[in-house]
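There are 6 protein chains.
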Amino acid sequence: MENVLEIAEKIRSMEIRGAGTIARAAAEALKSHAQQFDGTKIKEFNIQMSQTAEILVATRPTAVSLPNAIRMVMGYTGKTVDEARTDLIRRADSFIKSSKDATRRIGAIGSKRIRDGDTIMTHCNSQAALSVIAQAHKDGKDINVIATESRPRLQGHLTIAQLNELGINTSLIVDSAVRYFMKDVDIVVVGADAITANGSVINKIGTSQLALAAHESRTNLIVAAETYKFSPRTLLGEMVEIEERDVLEVMDSEKLSAMLHVSVRNPAFDVTPPSYIDVICTEVGAISPEISYIIISDILGWDLQDMLDEEIKA
Amino acid sequence: MENVLEIAEKIRSMEIRGAGTIARAAAEALKSHAQQFDGTKIKEFNIQMSQTAEILVATRPTAVSLPNAIRMVMGYTGKTVDEARTDLIRRADSFIKSSKDATRRIGAIGSKRIRDGDTIMTHCNSQAALSVIAQAHKDGKDINVIATESRPRLQGHLTIAQLNELGINTSLIVDSAVRYFMKDVDIVVVGADAITANGSVINKIGTSQLALAAHESRTNLIVAAETYKFSPRTLLGEMVEIEERDVLEVMDSEKLSAMLHVSVRNPAFDVTPPSYIDVICTEVGAISPEISYIIISDILGWDLQDMLDEEIKA
Amino acid sequence: MENVLEIAEKIRSMEIRGAGTIARAAAEALKSHAQQFDGTKIKEFNIQMSQTAEILVATRPTAVSLPNAIRMVMGYTGKTVDEARTDLIRRADSFIKSSKDATRRIGAIGSKRIRDGDTIMTHCNSQAALSVIAQAHKDGKDINVIATESRPRLQGHLTIAQLNELGINTSLIVDSAVRYFMKDVDIVVVGADAITANGSVINKIGTSQLALAAHESRTNLIVAAETYKFSPRTLLGEMVEIEERDVLEVMDSEKLSAMLHVSVRNPAFDVTPPSYIDVICTEVGAISPEISYIIISDILGWDLQDMLDEEIKA
Amino acid sequence: MENVLEIAEKIRSMEIRGAGTIARAAAEALKSHAQQFDGTKIKEFNIQMSQTAEILVATRPTAVSLPNAIRMVMGYTGKTVDEARTDLIRRADSFIKSSKDATRRIGAIGSKRIRDGDTIMTHCNSQAALSVIAQAHKDGKDINVIATESRPRLQGHLTIAQLNELGINTSLIVDSAVRYFMKDVDIVVVGADAITANGSVINKIGTSQLALAAHESRTNLIVAAETYKFSPRTLLGEMVEIEERDVLEVMDSEKLSAMLHVSVRNPAFDVTPPSYIDVICTEVGAISPEISYIIISDILGWDLQDMLDEEIKA
Amino acid sequence: MENVLEIAEKIRSMEIRGAGTIARAAAEALKSHAQQFDGTKIKEFNIQMSQTAEILVATRPTAVSLPNAIRMVMGYTGKTVDEARTDLIRRADSFIKSSKDATRRIGAIGSKRIRDGDTIMTHCNSQAALSVIAQAHKDGKDINVIATESRPRLQGHLTIAQLNELGINTSLIVDSAVRYFMKDVDIVVVGADAITANGSVINKIGTSQLALAAHESRTNLIVAAETYKFSPRTLLGEMVEIEERDVLEVMDSEKLSAMLHVSVRNPAFDVTPPSYIDVICTEVGAISPEISYIIISDILGWDLQDMLDEEIKA
Amino acid sequence: MENVLEIAEKIRSMEIRGAGTIARAAAEALKSHAQQFDGTKIKEFNIQMSQTAEILVATRPTAVSLPNAIRMVMGYTGKTVDEARTDLIRRADSFIKSSKDATRRIGAIGSKRIRDGDTIMTHCNSQAALSVIAQAHKDGKDINVIATESRPRLQGHLTIAQLNELGINTSLIVDSAVRYFMKDVDIVVVGADAITANGSVINKIGTSQLALAAHESRTNLIVAAETYKFSPRTLLGEMVEIEERDVLEVMDSEKLSAMLHVSVRNPAFDVTPPSYIDVICTEVGAISPEISYIIISDILGWDLQDMLDEEIKA
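Those sequence lines, one after another, are chains U, B, X, G, Z and C. Under the numbering used here, the first sequence has 98 at position 98, and the numbering climbs by one with no breaks. Under the numbering used here, the second sequence has 293 at position 293, and the numbering climbs by one with no breaks. Under the numbering used here, the third sequence has 152 at position 152, and the numbering climbs by one with no breaks. Under the numbering used here, the fourth sequence has 51 at position 51, and the numbering climbs by one with no breaks. Under the numbering used here, the fifth sequence has 237 at position 237, and the numbering climbs by one with no breaks. Under the numbering used here, the sixth sequence has 72 at position 72, and the numbering climbs by one with no breaks.
Since the hints were made in silico from the structure, they are not lab data. The C-beta atom is built at its ideal place from N, Cα and C for all residues, glycine as well. Among the hints, a few may not be true.
Under the rule of at most 25 Å between Cα atoms (straight-line distance), these lysine to any residue pairs were calculated in the SDA-like manner [claimed, not checked]:
1. G/Lys183 <-> U/Ser275
2. C/Lys97 <-> G/Asp303
3. B/Lys41 <-> B/Val81
4. X/Lys183 <-> G/Ser275
5. C/Lys138 <-> C/Arg153
6. C/Lys112 <-> G/Ser275
7. B/Lys183 <-> G/Asp116
8. C/Lys97 <-> G/Leu308
9. U/Lys41 <-> U/Asp93
10. Z/Lys141 <-> Z/Arg115
11. B/Lys112 <-> X/Lys255
12. U/Lys183 <-> Z/Arg115
13. G/Lys183 <-> X/Met239
14. U/Lys183 <-> B/Asp246
15. B/Lys255 <-> U/Ala134
16. B/Lys10 <-> B/Glu310
17. U/Lys112 <-> C/His157
18. X/Lys183 <-> C/Lys112
19. X/Lys255 <-> G/Asn169
20. C/Lys79 <-> C/Thr40
21. B/Lys183 <-> U/Ser275
22. G/Lys138 <-> U/Gln305
23. Z/Lys183 <-> Z/Asp93
24. G/Lys183 <-> G/Asn144
25. X/Lys183 <-> G/Asp303
26. G/Lys79 <-> G/Asp116
27. B/Lys141 <-> X/Glu241
28. X/Lys183 <-> C/Lys79
29. Z/Lys141 <-> B/Glu310
30. Z/Lys100 <-> B/Asp309
31. U/Lys141 <-> U/Asp186
32. B/Lys100 <-> X/Glu241
Selected chain B positions facing chain Z (Cβ under 7 Å, derived; list incomplete) [unchecked claim]:
33. Leu236
34. Gly237
35. Glu241
36. Glu243
37. Leu256
38. Ser257
39. Tyr293
Let the hints inform the model, and build the full structure from the sequences given.
Printed below as a string of structure tokens:
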């Protein structure tokens, strides 16, 4: 149990962070706990594993990847402890492997949408989106990238550094210049923090403006996202909470506090509606945003009825 | 002539800057030159004044307010030097006065569009737009303002300081958050750097994104602009040149030069189409963008046929 | 003066009502007062006429047709009382005549937009709109009309009665069915209560829904309106106030007062933006809504600069 | 059999009415008939049950909930009469229970989309929509409702009475005022009479106008609907027939008959396209309208291939 | 008079054709008739000139350029025959000269909208549109053209031949491929057969499809048109009649007549709404389509009130 | 094997062509090869069948129907050669039968969307689309068809001949006249060459223009397509390649080669986005374009995970 609590603490304290890293750590914790279990009663095993899962989920209640990872691993079956343990370990390993592999696969799938000569716009710093762009470049396509700086935290600076490393010609622009350059853009590629059951994409603040400007000029936008970004709880009607971050990201606190009538609003994400998205590229295929439901039920394996029953009871 | 050359130099070197200040300085220069003229031949007077006008126009060939000011003053008539001088001085004084008064008048006109309880979004730092907001506040309307920071030069910081001074509740947001907050906005108020004959508004980069997001959510956008912002040359088909400014405004040059494949694009303005604009509030009334032609011909007094003849010849 | 005060009182008490009737009564009052004037000093005449005009304008400060009528008549010139009186009377007679004639002229102009076989949708009960429809019928065109009932006051019942009288096949529908039937409609014809300087049309609540549904299905909408419906004060930025009428029009007061948490909102008009209007048919021609400014300045003769000066002073 | 025929007659005569009530009555009838069956041959049992099902379906051929209920119950399996009967009864009970529970579940799911401070617009009188609103209120959210009167039958009066009972602040408006108030609305919640395989929503006349006006101002619309409202036959291409109801609902017959050229058109429903719908909240989750197909095949259990074969044969 | 009748006959028989050629021929005819007039009474002169004008207008009642030319010339003034004749001749010469010069001027104005590197789409074979393209090429801009073949008469073949002659790289496409290539187009340039008072453009069938596809992908469309294409009669509400041409242009008559149930519809023009047009480039400037009214009244000199009076009488 | 090679050659040389014919020939070839197999080892049988399948797929790598047919047949199971062969033959026969029957079934499904009195627009020459129209006519509905000529190959001439044969009133129009006539159209019916996983429809060049014009005027468009038109590879992100055909289809080569600066672009297809499509009518039902994924996985039986694994490896 020590191991589990340690990992749980690291997730809680954000020592472990990033949707994929969190998810794999949780799978690892479950696996480790199953290995350490030295009882022989399957009932006991099940109870302990459930408790462990609950501890892990509770560390970051709003993270989308965490419950997805746990659901994947906890779907084990077995009549004996050995059977159950073996299946659980297999599932944990498989999840970890496929999760690690997901970004590469998304690159392989998404890059087919990039044509030779394309100018691509991207926003913030998404590894899945960069995987798409990098793969197109590796495939010998002559591409240019326009990257936004992505205030307030300027993740665009990470993006241009990575693209520079890959030898891809890139222009950096301020976030306000998105519509100005959109007429020259052939395709927009962005990542996702979470995807809802009806296909809305929650991503870094500003994404929905790119999407709107792309839609206005008939430019396709693709979202690159691992399946563990799809939020099962949105099937229950829940909306993804948009966190507001520290105002210091936007403005010096001294200056701010000197102005009595001024405050700073700093939402971290916004919501892009499915009608502005051409396709979501996941590691299991390029899909319409409208069928996100199928990812949640068929790929992630959530049983909506169970969730509902639990929900209504609670 | 010294005076004229001095003023011309100051405009050229940008010691004198800002559309209104430039325009008034040019009018002042013409007036001063007329006062100094000590000949008696009207022909001579006309020639000298024309030369002076040409010198002034040449200082900043792309400034819209300069030719407008000069045209206003140079419309003088008179059969003798005295008559001509008197009329010229009257016109110069009248232009200077009405130009100075324009911002206040725009406030009086535009503020009628603000209703009690409104949330107003603004972009960059336009004195005309702020005049509209300030007047609504003075009229006792309970208003809130959302101001963008307006990267790269963060003119939004000037805006929030001015609004704070006036005691108006204001939120500062990053430019990427425009669409996120648009659903809560009742009206958008922005300024203009130039307005074309068919009603397009050239303004600080990002304005057209506000306009697009406003249009998407059925929020009215008003442009506050003095009549000297209307560009007569666009009647001849000319497009307003969008200047790209120093990349250092966007990114540290050392970092940038270390990345071989990365460049910075930094356009200063963008173009908002008339279909996204509800009304342009000028000091001579609230008009449809589509009738900008009338401002140029009837208010600014440009004779299109003359311009064309000159143009075609040249 | 008795006559003027009497008419003023009748306008105030709404004994005289309807935009056209009010306008003509005011013109009549001015004419009558000019005829009764028995002084010889032009200055005295001018002062008295101005006072009379002010009295009349004050009777219904929000009526658009009243200041338009008075401006038309008060534009008289003359160096002597006789000259001035003659001109004033000529102007009053001309206004009254052209105002009376306007509906017929609008019919002649607007009906050219109706093609044989057209299905026309209309809303509320506008004499100008009906004049368009009636003229098309008189011209032998085979037309059908779909008329909304126009809750809460069911003016649609007046409309169907008038159309029945004319022998025009008409279907009555509830206001909610507008979009349902729009696919079968060839053209929408409505009236106006007021038109703003930037071409927005203020008309019976529900008009903007017809316009939206027409726009969605690429169906043209024409507005039939006399020029005295154009509001000069909107050039100063002013918005047309939307009056909320008695809740009893919507619901029985006893029932309503029994429900503590329920209230009724009953706005009489809504605002249709110019982008949803194909053409405004006035008695002086079929114009783009965007050039309403020209009607106000060139046809109605308002001097914007004067209005502004007065406004800013006040 | 008496019981079945009695229920069938009550459905036919509309003594039993309302989508949910009809559906549950049919399930009850099947259950009752299975209980009364006193044979021992499974073949005989199956034949009798099929005949009963056909009788019930025939009572209201256009009701969507009826075939859905019967399909649910008739999906029983069993090799002996006892097995079959037990399964059928279990299915009938389960359908009845879940159908009764559906409205509450929809409230639990849909209310998560309502935020504190929201203004909600609704149309007509849908128990599912009201369940969403009531639950949000119970959850302590401060909400306001705008309810249309919903001519011609004024079901809005029922709605405001129910909302008043719950202590929710509500404004009643005429149907024509929908677009006028839409700018102040945060979310629209409506019910459904039927939902097609491609996600179109058939609901009370006027619903599609709310949806259009909501779409125009970027306001989300959610549909609250039990799964038995989804129409399996639309998968075969069939369109939902829009019934036209008695003209007396709209106008006094005496008045009407006096006008030779006037008729009344009174369609009861209209069709809202999926692109105007954010999400459909059912008792089994909040889904995209585009995946209605999945509800019909996976939740309601229709075998499209069977339906097609039968259809093509017939 | 012989000369006039001869010219009239040639216009009627379409020996003289093309909007510009017809217009200049009519001006020439009036001039020639004035020169031949050998009376001395101004009244007589006026009567004869009016009759001549009527004869000319009657030759092609639907041609827009004809009444425009005649109005221009017939605006002469003079108290004596000599004065009148001199003025008439001056006006005729001026019209002929400016009409001949118009295409070149339009090229000078419109070409400023073309940027170096632009891909331009055009439709049919408009000399004004080609003047814009040719001038941009002459100015050293590197441009590509995509030209539609323009069924049924394949005027695109003339266009590509002219562009080839000029050395401009051109691709020919079928009319159905317009939307396919639109994403690569920077600007669309087309001509006009007629322009209405509210800014609609009547041009070769297919133009409105280019405009729609351009609008969908935020591509600007400019119309190149001489001022004599603006139709004064549309101010009276009149719509421009869309002629249907010989079916043989579309299909072999033998084949067609063998198919009893098949007919051919062959409209020559369609109507592009002003909201799809960025700017109309005329020889007197680049204007918003919405202010076409100003061209008709201020440039072409039509007195709407006169037209109306005549119209209403007739 | 001879038989297989022969068929393969005929497909390659396009002696066998048309999506349905190719698909059935491939199924036939597999069946024939299975029948000829005279070994007894199931492993051997499986290897030979796989090789045969590969040969067939390679004949036309871009044809969508070919891999779909082969996947259907190759889904056989069996532990012995006899079992496997029997299942394979059953599958081949079933595919051939259902493929032949598909057009009729599509007609039965799609025709329900046609109402009595409808005017239908169609493009090119699709047997599935014509089946829909023909069935509506057979059902006694009074319909009219507008058919485009469909340059460059004028397949519209085939369409009007077939419709004439059926006695259906039809108008032929040039492709440029689509928007002109769209206002009179009640429904658009087209076929498909391929359908992607996210619901885009690849069809004859010009289809997307019909769709755009239909969307602009709120006219529904339905696509009639057999399920073997759905492209499984698009799930992997792949885009459907748009072939450019011989320029001679568009223009005489002699004329063309005489113009140095002119070339012809002749794409055969274009892409219609799902948001412009109301419903896709397949032989297994009328579905939303957005759920094409379900057709590919559930109906065509592709295992995306397998495809991906293979893909990533390759």
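Here's how the hints hold up against the structure:
1. Taking the CA atoms of G/Lys183 and U/Ser275, the gap is near 21 Å; set against the 25 Å cutoff, the hint holds.
2. For the hint pairing C/Lys97 with G/Asp303, the CA-to-CA distance comes to about 20 Å; that is within 25 Å, so the pair holds.
3. With a C-alpha separation of about 6 Å, the suggested pair B/Lys41 and B/Val81 falls inside the 25 Å cut-off, and the hint holds.
4. Restraint check: the Cα-Cα separation between X/Lys183 and G/Ser275 comes to about 18 Å, which is no more than 25 Å; the hinted pair holds.
5. Proximity of C/Lys138 to C/Arg153 is assessed by CA-CA distance (about 29 Å); at most 25 Å being required, the pair is judged violated.
6. The straight-line distance between the Cα atoms of C/Lys112 and G/Ser275 is roughly 22 Å, inside the 25 Å bound, and the hint therefore holds.
7. In summary, the hint linking B/Lys183 to G/Asp116 is supported, as the alpha carbons are separated by about 15 Å, within the 25 Å threshold.
8. Only pairs whose Cα atoms come within 25 Å are accepted, and C/Lys97 paired with G/Leu308 is accepted, the gap being roughly 15 Å.
9. The hinted pair formed by U/Lys41 and U/Asp93 meets the criterion: a straight-line CA distance of about 23 Å does not exceed 25 Å.
10. Proximity of Z/Lys141 to Z/Arg115 is assessed by CA-CA distance (about 7 Å); at most 25 Å being required, the pair is judged to hold.
11. The straight-line distance between the Cα atoms of B/Lys112 and X/Lys255 is roughly 38 Å, outside the 25 Å bound, and the hint therefore fails.
12. The hinted pair formed by U/Lys183 and Z/Arg115 meets the criterion: a straight-line CA distance of about 14 Å does not exceed 25 Å.
13. Using a Cα cut-off of 25 Å, the hinted pair G/Lys183 and X/Met239 holds, with the two alpha carbons roughly 17 Å apart.
14. Proximity of U/Lys183 to B/Asp246 is assessed by CA-CA distance (about 22 Å); at most 25 Å being required, the pair is judged to hold.
15. The straight-line distance between the Cα atoms of B/Lys255 and U/Ala134 is roughly 22 Å, inside the 25 Å bound, and the hint therefore holds.
16. With a C-alpha separation of about 28 Å, the suggested pairing of B/Lys10 with B/Glu310 is violated against the 25 Å cut-off.
17. For the given pair, U/Lys112 sits about 37 Å from C/His157 by alpha-carbon distance, which is inconsistent with the 25 Å threshold.
18. With a C-alpha separation of about 19 Å, the suggested pairing of X/Lys183 with C/Lys112 holds against the 25 Å cut-off.
19. Between X/Lys255 and G/Asn169, the direct Cα distance comes to roughly 16 Å. Compliance with the 25 Å bound is thereby established for this hinted pair.
20. Note on C/Lys79 and C/Thr40: the hinted pairing holds, with a Cα-Cα distance of about 11 Å set against a maximum of 25 Å.
21. Restraint check: the Cα-Cα separation between B/Lys183 and U/Ser275 comes to about 18 Å, which is no more than 25 Å; the hinted pair holds.
22. Of the supplied pair hints, the one linking G/Lys138 and U/Gln305 holds, its CA atoms being roughly 24 Å apart against a limit of 25 Å.
23. The suggested pairing of Z/Lys183 with Z/Asp93 is violated, with an alpha-carbon distance near 45 Å, which exceeds 25 Å.
24. Annotation: proposed proximity of G/Lys183 to G/Asn144 holds, straight-line Cα distance about 14 Å (limit 25 Å).
25. Note on X/Lys183 and G/Asp303: the hinted pairing is violated, with a Cα-Cα distance of about 35 Å set against a maximum of 25 Å.
26. Using a Cα cut-off of 25 Å, the hinted pair G/Lys79 and G/Asp116 is violated, with the two alpha carbons roughly 54 Å apart.
27. For the proposed pair B/Lys141 and X/Glu241, the alpha carbon gap of about 16 Å is at most 25 Å, so the pair holds.
28. Restraint check for X/Lys183 and C/Lys79: the C-alpha separation of about 60 Å exceeds 25 Å, so the hint is violated.
29. Proximity of Z/Lys141 to B/Glu310 is assessed by CA-CA distance (about 23 Å); at most 25 Å being required, the pair is judged to hold.
30. The suggested pairing of Z/Lys100 with B/Asp309 holds, with an alpha-carbon distance near 15 Å, which does not exceed 25 Å.
31. Under the criterion of a C-alpha separation no larger than 25 Å, the hint pairing U/Lys141 with U/Asp186 is consistent with the structure, at around 14 Å.
32. Pair hint B/Lys100 plus X/Glu241 does not hold up; C-alpha atoms about 31 Å apart against a cutoff of 25 Å.
33. Hint status for B/Leu236 relative to chain Z: holds, with the closest Cβ pair at about 6 Å, below 7 Å.
34. Interface restraint check: B/Gly237 against chain Z, minimum CB-CB distance 4 Å, threshold 7 Å, status holds.
35. Because the beta carbon of B/Glu241 sits about 11 Å from the nearest beta carbon in chain Z, more than 7 Å, this interface hint is broken.
36. About 15 Å separates the beta-carbon of B/Glu243 from the nearest beta-carbon of chain Z, more than 7 Å, and the hint is not met.
37. Restraint check, B/Leu256 versus chain Z: the minimum CB separation of about 25 Å is more than 7 Å; hint violated.
38. Hint status for B/Ser257 relative to chain Z: violated, with the closest Cβ pair at about 27 Å, above 7 Å.
39. The interface hint given for B/Tyr293 holds, since its Cβ lies 5 Å from the closest Cβ of chain Z, which is under the 7 Å cut-off.
Consistency note: the structure conflicts with the earlier hints numbered 5, 11, 16, 17, 23, 25, 26, 28, 32, 35, 36, 37, 38.
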